[in-house]
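Assemble the complex: chain A is given as a structure, and chain B must be docked to it using the hints.
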Amino acid sequence: MPPRTMVWRLLEASETLLKQKPRSDAFRRRAVSTAYYAVFHALAETCANSLLPSTDHASDEYARVYRALDHGPLKAAFDKGPLKDRPNLRGIGALVVRLQSERHRGDYLPPLGDVFHRSKAEDLVDQARRAVAKIESLDEGDRLTLATCLLFRSRQL
Amino acid sequence: MTDDEINEIVSRLLQERFGDAGFVRSTVASEEDFDGSSILRVTAYFDRSRDEVPRDWLNSLHDIRSELLTRGEARFVFLDGDYLQKEEVVDEDEG
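Protein chains in written order, with this note's numbering: chain A, 5 to 161; chain B, 398 to 492.
Since the hints were made in silico from the structure, they are not lab data.
Predicted, not measured: the structure shown is a model, and the values here were computed from it.
Heads up, some of the hints might be wrong.
[Claimed, not checked] Pairwise CB distance ranges (calculated):
| no. | chain 1 | residue 1 | chain 2 | residue 2 | range |
| --- | --- | --- | --- | --- | --- |
| 1 | B | 468 | A | 62 | 20 to 28 Å |
| 2 | A | 75 | B | 444 | 33 to 41 Å |
| 3 | A | 75 | B | 427 | 18 to 26 Å |
| 4 | B | 413 | A | 84 | 26 to 34 Å |
| 5 | B | 470 | A | 60 | 17 to 25 Å |
Where is the CB? At the ideal position from N, CA and C, for every residue including glycine.
If we strip away everything but chain A, and leave its shape as in the complex, we get:
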């Protein structure tokens, strides 16, 4: 049984949406969007835990680092430097970028009725689950690289 953390509950919510109304594109769109947010929170949590390993999660400091992760720079960050080069992080980046793109489609396209067919929505939720499992299984070095590359802009020396 998966842990009852918010990240895994979000994934569970995605699956519940697909099971409840598989013939509703609105439900399928919410399922995909929620799955992306599960991955986003998994990244935010990994970043915060890596940079502040012994800090109270209820503290302002922890919340500030957790909230520092932004959607906008994610794609560019996964497209360069260590996140593109390290084998363990490359596959995660590919899934995150894909899910982010589908989240945009699901959240903003007009009601067309077929934004996500059922099997595609199920595949995307499945990919989100695998991405979360992979993120949570990263070793300390990869977590630190992920945190610094996602949260801090690189400057020319």
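Frame of chain A, contents of chain B only:
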């Protein structure tokens, strides 16, 4: 690289990973992502139902992206599966 050149590589890699799981062929199409950047949409066709195909997309994406990067092709790859059993397309939403 052209879509056809990319598909030659992608098809080989998918065959290696999913050859025993009903992989038949793949297609590659260059598309524009929500932010205006170009992405590669890969569709893998299977002659089996979705439940019979191990959807090991993460490792497949890693294989494909790694191979393409070595050839200078840096666009992100979006991988979709197309399965034997077509789903019912009727949607209950009313617009």
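For the pair residue 470 of chain B and residue 60 of chain A, does the Cβ-Cβ distance stay inside 17 to 25 Å? violated, 45 Å
If I claimed the Cβ atoms of residue 413 of chain B and residue 84 of chain A lie 26 to 34 Å apart, would that claim hold in this structure? holds, 28 Å
Taking 20 to 28 Å as the stated bounds, is the beta-carbon spacing between residue 468 of chain B and residue 62 of chain A within them? Given range 20 to 28 Å: violated, Cβ gap about 49 Å.
Is 18 to 26 Å right for how far apart the beta carbons of residue 75 of chain A and residue 427 of chain B are? Between residue 75 of chain A and residue 427 of chain B, where Cβ atoms are some 24 Å apart, the hint holds.
Cβ separation of residue 75 of chain A and residue 444 of chain B, checked against the hinted range 33 to 41 Å: At 38 Å between Cβs, range holds.
Hints 1, 5 from the earlier list are contradicted by this structure; the remaining hints agree with it.
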